[in-house]
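Asks: So the protein lines, in turn, are chains A and B. The first sequence runs contiguously to residue 448 in my numbering. The second sequence runs contiguously to residue 292 in my numbering.
Don't read these hints as lab results, they were simulated from the structure. We put the beta carbon where it would ideally sit given N, CA and C, even for glycine.
Chain B side only, calculated, beta carbon under 7 angstroms to chain A, not exhaustive: (1) V62; (2) S152; (3) N236.
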Amino acid sequence: MDRELIISRRRFLQSLAAVGVAVACGPTAAPSATPSAGASAAAKPITIEWWRRNYTPGSQTAETVTSDAAVAGYRQRYPNVTINIQGGPFGPETDQKFDIAILQQKAGPDVFHTTGGDVLKYAAAGQLSEPPLTDAERRDFNPSALQATTYKGKVVAYPLWIVPWFEYINLDLFKEAGVTPPKDGSWTYDEFFAAAQKLTYKRSNGKQVYGFAHANDEFAFMLIDGGRPYDKDVKTWTFNSADAVSGLEKWVALAKAKVMPPDFLTLNPNDSQARFLSGDVAILQRPSAMINVLNADKNWEYGKNWDIANFPKAKGDQTAWGGVGFIAVREQQDADKKAAAHQFAKYLTGPDIGPDLKKLTPPVEYWLAPAGRTSAAGIYGEYHPAKAKVAKMGAFTYVLPNVSTWSEIDQKYMRPARDAALEGKKTPKQALDEVTSAAQRLLDEANK
Amino acid sequence: MTAALRRYGWSYVFVLPTFALFVVFTLLPVVQGLALSLQNARVTGGEFIGIANFVTLAEDPVFRQALGNTILYTTVVVAAQVTLALVVASLIQPLGARSRVFYRALFYLPLVNSAILVAIVWRWIFNANPFGLANTALGTIGLGPFLWIGSSDQALIAVILSAVLTIPGGGVVLYSAAIGSLPRELYEAAEVEGAGPFAKWWHITVPLLKPTTLYLLVVYTILAFQVFERVYIMTNGGGPNNATITIVQLIYSTAFQFGRYGLASAMAVVLFVMAIAVAVVQFRALRSDVEY
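The shape of chain A in the complex, shown without the other chains:
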């Protein structure tokens, strides 16, 4: 803490000196309309507001710890910028708070975390300030992540991280069932299917083990043969293509083989994790954040009790489903605040924050998921051997393009269609064909 204070003071004095020199050398420049100038943010005292979901002052949530650390790290570099963090639980109440502030009152956060269709919604309302990215920075970002934050040809937010999904494997159950874990975490669908079948068995104590489980919030298997929800231009709904149908058929085959727990259709993420942790499930499909859940449990030692593997591979290249997190800067008249907000957003998504936070006492892991840009990706792998393994698997992840009506397509039409197919009430083709017109209508609406 003392060390941080000393550094802060020194940097603060340096900044003051820099301001003094700047003032002495000439008149203060008029605020730039473009937010590229970091100079104003580096000198003038500025206060900006950062809205971060699940931030609760004083708590130990990952969002709170990393956000406080991020502000501490940033303040060491830019002591003139004060950052106030506002929180709010994950959920519709906070979403509404964001919407009302940004869309109705055209006020609220200077910088904020956002995901999915929100980026497009705020961009369409003209409420996002375009990140001043250099060509080198553009090349540094993951192309799918950058595409997911592009609105009408312009990048409107900073990709923060890609949240890839993997298969977590219980090595004890693999050993007990005599199944060899996939070498280097790679396996084909057939190998995966055979393993799941062998891993569905009754233990000597009468406990039923299921080979595989996933939560009820995903469609990963539909990507396995190359099926995609939309075409490349995100204009046409394509999740009823032959590849998507064959992907769903592979998923249905797992249900038919009864390798999943009987309640798999209503298994929410927490329940699915609990089943894996209690040894009821041998292979669990969850995002990279599950690594931290397992690391926090003394009974689970990486390499001994659990390992991580990629999605099973079939015809498709990118098989894993993944989400993207963004940092956005709100459009506003105050050029100084906007510049400071962009500078902070760049810091939050850039290569410096990871090492900065690792130097803190105690060190803080900033990257909760692999970074959305190459230059920041390395440190994620340094946190843990499982993360090092995951960091190499990123290219396997398909990032869902942003469509503002996706949640409606997903919840109202796709999930019931998927359920009907998995329950055997409809054939995969029939289920996916029935969704097409409603999904296309909503896609068209999003593209208006």
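Here the structure of chain A is known, so what remains is to put chain B in place on it, guided by the hints.
Replies: Frame of chain A, contents of chain B only:
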């Protein structure tokens, strides 16, 4: 008129605070809801589109499913809860004063529990795995295991059962109080005529409880129409293949997840009209001149 106003006008001052609260927190939101139902309202605002939202609802298979589920849930649950409350209250009545108080409290106390906690318990009871309580219990007599909330065929049954098997404490207390105030002489006359316990209950108690029954029917119907947390918690907000989706669940997702406030308001208007229509029918059918 002026004299009456002069004489009693001051009394409106006492009514005014309650009336103001009613206007601000009940009447205005209802009127605003009606106005929103005629707009394509989103968080950024909306334009007047007439009855287009209602046309969309009529053509929407998910809304039709939610409507059907809500009606089925309400019909079964209200009938079962009113009957159960009447039967339980009637069984309590002959007991001594202390026992009556004990049982009334016993049946009423669960009502103070969080609805969310209750729904979580039911989720565990109707878990599709063999370790679910319902499956464990039925397994002892050789039945099951059933998929319950894990199946689109059984999920709504499980949700309905969870409501039916929860004894309606409020109804028990109300019926119990009403039965206590019924005139004894009617029962004495019936006994003289040779009526047995069931005949007295069926021909005296049940008819005389019509006003209470009407009240409970109306209140329970409105509550059943508004079922939300049970569906949301037990079946993750709609269950497999939307098997348990209800109107309020759909209103919630349409407004707060899809951002379609106009369409959600139209659903709320439909629910409002349904509640009023059912209440009118119930009033007409059970209107009673019973006085005692």
